[in-house]
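For reference, the chains in residue letters:
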Amino acid sequence: MATGTTPTPSATPTARRGVLTPGRAAISARHLRTDRWWLPPLVTALGLAAFIGYSTWRAFANSHYYAAPYVSPFYSPCLATNCADMKGGADWALFGDWWGLSPALLVLIFPLGFRLTCYYYRKAYYRGFWASPPACAVAEPHAKYTGETRLPLILQNVHRYFFYLALPVAGILTYDAVLGFRDEHGRWGHMGLGTLVLLVNITLIWAYTLSCHSCRHIMGGKLRHFSAHPVRYRLWGWVGVLNGRHMLLAWSSLISVGLADLYIYLVSSGAFDDPRFF
Amino acid sequence: MTQVERHAYDVVVVGAGGAGLRAAIEARERGMRTAVICKSLFGKAHTVMAEGGIAASMGNVNSGDNWQVHFRDTMRGGKFLNQWRMAELHAKEAPDRVWELETWGALFDRTADGRISQRNFGGHEYPRLAHVGDRTGLELIRTLQQKVVSLQQEDFAETGDYEARLKVFQECTVTRVLKRDGAVAGVFGYVRESGRLFVIDAPAVVLATGGIGKSFKVTSNSWEYTGDGHALALLAGAPLINMEFIQFHPTGMVWPPSVKGILVTESVRGDGGVLRNSDGKRFMFDYVPDVFKEKYAQSEEEADGWYTDPDTHRRPPELLPRDEVARAINSEVKAGRGTPHGGVFLDVSTRLPAEEITRRLPSMHHQFKELADVDITAEPMEVGPTCHYMMGGVDVDPDTAAARGVPGLYAAGEVAGGMHGSNRLGGNSLSDLLVFGRRAGLHAAEYAAALGADERPVVPEEQIDTAAAEALRPFSAEEAGPDEPGGQGPAENPYTLHQELQQVMNDLVGIIRRGPEMADALTRLTELRARSRRAGVEGHRQFNPGWHLAIDLRNMLLVSECVARAALERTESRGGHTRDDHPEMDRAWRKVNLVCELTDPTGGLAATDPEHGQIGLRRRDTDPIRADLLALFDKDELRKYLTDEELDG
Amino acid sequence: MSYEAHFRVWRGDAEGGELRDYQVEVNDGEVVLDIIHRLQATQAGDLAVRWNCKAGKCGSCSAEVNGRPRLMCMTRMSVFTPEETVTVTPMRTFPVVRDLVTDVSFNYDKARQVPAFVPPKGVAAGEYRMRQVDVERSQEFRKCIECFLCQDTCHVVRDHEENKTSFAGPRFLMRIAELDMHPLDAAAEVGLTRSSSAQEDHGLGYCNITKCCTEVCPEHIKITDNALIPLKERAVDRKYDPLVWLGNKIRRRDA
Chain A
1 MATGTTPTPS
11 ATPTARRGVL
21 TPGRAAISAR
31 HLRTDRWWLP
41 PLVTALGLAA
51 FIGYSTWRAF
61 ANSHYYAAPY
71 VSPFYSPCLA
81 TNCADMKGGA
91 DWALFGDWWG
101 LSPALLVLIF
111 PLGFRLTCYY
121 YRKAYYRGFW
131 ASPPACAVAE
141 PHAKYTGETR
151 LPLILQNVHR
161 YFFYLALPVA
171 GILTYDAVLG
181 FRDEHGRWGH
191 MGLGTLVLLV
201 NITLIWAYTL
211 SCHSCRHIMG
221 GKLRHFSAHP
231 VRYRLWGWVG
241 VLNGRHMLLA
251 WSSLISVGLA
261 DLYIYLVSSG
271 AFDDPRFF
Chain B
1 MTQVERHAYD
11 VVVVGAGGAG
21 LRAAIEARER
31 GMRTAVICKS
41 LFGKAHTVMA
51 EGGIAASMGN
61 VNSGDNWQVH
71 FRDTMRGGKF
81 LNQWRMAELH
91 AKEAPDRVWE
101 LETWGALFDR
111 TADGRISQRN
121 FGGHEYPRLA
131 HVGDRTGLEL
141 IRTLQQKVVS
151 LQQEDFAETG
161 DYEARLKVFQ
171 ECTVTRVLKR
181 DGAVAGVFGY
191 VRESGRLFVI
201 DAPAVVLATG
211 GIGKSFKVTS
221 NSWEYTGDGH
231 ALALLAGAPL
241 INMEFIQFHP
251 TGMVWPPSVK
261 GILVTESVRG
271 DGGVLRNSDG
281 KRFMFDYVPD
291 VFKEKYAQSE
301 EEADGWYTDP
311 DTHRRPPELL
321 PRDEVARAIN
331 SEVKAGRGTP
341 HGGVFLDVST
351 RLPAEEITRR
361 LPSMHHQFKE
371 LADVDITAEP
381 MEVGPTCHYM
391 MGGVDVDPDT
401 AAARGVPGLY
411 AAGEVAGGMH
421 GSNRLGGNSL
431 SDLLVFGRRA
441 GLHAAEYAAA
451 LGADERPVVP
461 EEQIDTAAAE
471 ALRPFSAEEA
481 GPDEPGGQGP
491 AENPYTLHQE
501 LQQVMNDLVG
511 IIRRGPEMAD
521 ALTRLTELRA
531 RSRRAGVEGH
541 RQFNPGWHLA
551 IDLRNMLLVS
561 ECVARAALER
571 TESRGGHTRD
581 DHPEMDRAWR
591 KVNLVCELTD
601 PTGGLAATDP
611 EHGQIGLRRR
621 DTDPIRADLL
631 ALFDKDELRK
641 YLTDEELDG
Chain C
1 MSYEAHFRVW
11 RGDAEGGELR
21 DYQVEVNDGE
31 VVLDIIHRLQ
41 ATQAGDLAVR
51 WNCKAGKCGS
61 CSAEVNGRPR
71 LMCMTRMSVF
81 TPEETVTVTP
91 MRTFPVVRDL
101 VTDVSFNYDK
111 ARQVPAFVPP
121 KGVAAGEYRM
131 RQVDVERSQE
141 FRKCIECFLC
151 QDTCHVVRDH
161 EENKTSFAGP
171 RFLMRIAELD
181 MHPLDAAAEV
191 GLTRSSSAQE
201 DHGLGYCNIT
211 KCCTEVCPEH
221 IKITDNALIP
231 LKERAVDRKY
241 DPLVWLGNKI
251 RRRDA
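Residue numbers (full-length UniProt numbering), protein chains in the order written: chain A, 1 to 278; chain B, 1 to 649; chain C, 1 to 255.
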């Protein structure tokens, strides 16, 4: 009676697929939303595009990334020999001297991979760039959809390994922020506006990294019985609180890392003098 | 001969709420091919609205609890009019029925040591209600639904067909129970979606259709509650009892108008909420009746102490049985101390911290926020009585749930009468569904299994023709000739008829009743009945709500007449029946059941004589309460309910 | 306060239909379902609509209001201006039956495909012991009222009919998560790994976590964050540890 009809017309003509599939309510409009549904994906796409543009330029620039005692987060750690000399910084020439491109490219793949596979950013770029879907209940323009079931998108499942890699990167940026408590000659006990910029940035980076869904899973989400693991349950709870703000943290840490680099660029290129507090 | 879809099953269950699903599960587990028929989608039954919990004396929170205490509370709540054997079985079996749900995947709230947590509720001496926040009914339905699916998965593994032994016919309405030689032979109904008519041949039918609230204007009940099972039983020749007892839940929403009547769970009061009138007074202290004087607190200090230390304090009067609280609210409003929208204030915002309220009463918080734009953590709710539950119903054998007088017919849940007497305690409904749902399924299965293949009654063809003509009449209403009992006249809009019926019942047979008003109601019901013969609809048979309502009107009118007649007859006030002209409870009335039967014994609906109507009423004395059960009460208490002869005898 | 509102309601059946215009009275405090009922009672007696509790607890009156999947009983008229046209259509992911009623059997079919709770062996009824902290995650998912709005809004099936065979939809992936997090579910003992089965048999990989299910959920269940992503992570535990995965790939190619 009302049960037992499984509709599966597999070879639907392209014009009549999705919400226009025969049998569904015959409404010609692809959506009937009256609000400004296009605004959030548009803002997302513009925001991401702006960051990609800026970071690409800066990553390839290979200049103005060090202004003692500050190093740009795009260029730390430095793994090639062609880096500027950073006093006491994370400057390990692991790659030897054959690397001729910008050293930033060697390290940026880690945060890039982390953010590219992040559950929030996935939502953001699937909606913003790929319109899959552009907004809820707004038809997407694609004829076929397989989601994350096959290559390459099945690789999104490696997110947690990028999370593991993001931890040492965040550790190094923390170290860089601590180095900011020196003056330009390497003497400790000083602080400038740049120090503050790096501190804010690393705080947001940590908050974003720890708010990651994979982190929440590893901390305790994978457990069956919280009651048997009170410490991990508490950790899961804390990460859960951060996780609830994952989108906010994703954006604010993205902006802060860009601004931190910009700040160092401005100081390093001489456009601006770092105000010293003490 | 009418063309209808034909199916055959061993057991047919009408209704897919808690009782229906529990019955179906039991019948299927006993090896019977079982069909469940429901008016809504599978899993949407009105049971989902139950909020507070399932009463079962598991003693997880207070180990002093046991079935005897639960039995006592139930009898007191029902003012001793309960079918005591049902109350006994219910109290004894409820814990097993709750525990069984856990093995099917239910997740109740827990105590600190990992057992099922239990909460306080009106009329229950100890914390007794197994619950999940305030959405226990949803948990119950979902668990039963998933158990049905799991049985279907077993059948699929074995036979390759999910529906080999248990099939849900969703969005179908049953309009007649068919009989041969006095015994059940099957059911007749239609598919709401397509309008197709069908017959299911089956020797055993379990009615589990719920209540009758849609006959009233202000009700917490959904559209499905049109008294279908009550009417089906009457039409099949089975009597109904206790139809005068209708529970008006004290706290329904009163604003905005579109949600008027929707329930505000009793847990709000169980968790500390208090009732205040427009003067800010906690008025319930003025309404503790004599029979409850020793059990309830006399002062606010004492009442407030109870929430944390129930052993040395008496309970707050807000937790009196529902009938008492409903009457109190009604009196306050009548005395001009009501809120702007005609209710009283129910306040939890000044009693508990905001986060505690949202944790304990999440769906109430949500409901008021979304529907009324009221934040219950910051301001009081406005509440008033709403028609909630029908205590009366099919007269059944307490052990087997078999309807009296019709072999093969069973009834469980709200549609069955007797269990709750004159007033039901909160939480006793869900346990009733499980206990008697199981019993009905069990005995229906045994009855069906005991019949040989050649002993199964065969549905008489002419009954199918009559039932089909009756179901399709609304499409030809305007052609109704002078032979039609409704006489000639223009077609009537079923929605208008329904609204008029609700108004009549609400105004004249409502929470406070008067003799002349009920007599008036009976006259008006007669008029409505005549007009309803001409209820007509436009459009075609496919998912046509106007047609569905026109058919349901027959049931609502029948049931409403039972209510009005029985209420007029009972010249006392007891539980869910309050007479302004007979305000006292009368011990002589306690053992009297008013039995409603169809006046036309053929099951037709010919009689429209205003004096006699369609319902005949007779009095019947109930069986005396078994001595060992009486011994659970003290003599002084019994004296308030039982006559001296009963006590001495 | 009361005013005349302009409603456009889809009328029709599987053969075809149209958005029909109605002028209808709206009073203070009403919701969209009230207006639909008023249309039924006064202008369109045969207007088909499902509803039950009218309090957002049964999940029957799902539809799309101004293009957004909503429960009609929980959509207050006060969110619209009196001048605004309110368009009400049936859910557009399921076959239509008539007017606002759709054939939601897809969901019931999917429900049957999820293996039921497996009770632990040797634990009698009444002996179940579970801690509140251990049941809370599954309890959140059991708040689901099965309105199927998440299934309706999910682009995997809304925009791609052909995916209906292989994708269970958010509601039933959440059901798998619920059982996987149930403290006493004994599926593993009978050889069923719910998380990898979610991936292999129920189409978890189709979900691209764009969160529309969470956005429309009238019960405010965090479907994506609390059910689907944790389920994906649990599947990763089982399946996408890259070394294990690579090993499996190579072995399968050899075979």
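No wet-lab data here; the hints were simulated from the structure.
Be aware that one or more of the hints could be misleading.
Stated by the list, open to error - No more than 27 Å apart at the CA atoms, straight line, and that leaves these computed lysine-lysine pairs for DSS-like:
#, chain 1, residue 1, chain 2, residue 2
1, A, 123, C, 143
2, A, 222, C, 249
3, B, 369, C, 239
4, C, 143, B, 260
5, A, 222, C, 143
6, A, 144, C, 121
7, B, 591, B, 640
8, C, 222, A, 222
9, C, 239, A, 123
10, B, 295, B, 369
11, B, 293, B, 369
12, A, 87, C, 121
13, A, 144, C, 239
14, A, 123, C, 121
15, A, 222, C, 121
Hint by hint, here is what the structure shows:
no. : hint          : in the structure
1   : A:123 x C:143 : holds, 25 Å
2   : A:222 x C:249 : holds, 25 Å
3   : B:369 x C:239 : violated, 43 Å
4   : C:143 x B:260 : holds, 24 Å
5   : A:222 x C:143 : holds, 22 Å
6   : A:144 x C:121 : violated, 45 Å
7   : B:591 x B:640 : holds, 13 Å
8   : C:222 x A:222 : holds, 17 Å
9   : C:239 x A:123 : holds, 22 Å
10  : B:295 x B:369 : violated, 35 Å
11  : B:293 x B:369 : violated, 37 Å
12  : A:87 x C:121  : violated, 65 Å
13  : A:144 x C:239 : holds, 25 Å
14  : A:123 x C:121 : violated, 41 Å
15  : A:222 x C:121 : holds, 23 Å
Going through the hint list in order, the structure does not satisfy hints 3, 6, 10, 11, 12, 14.
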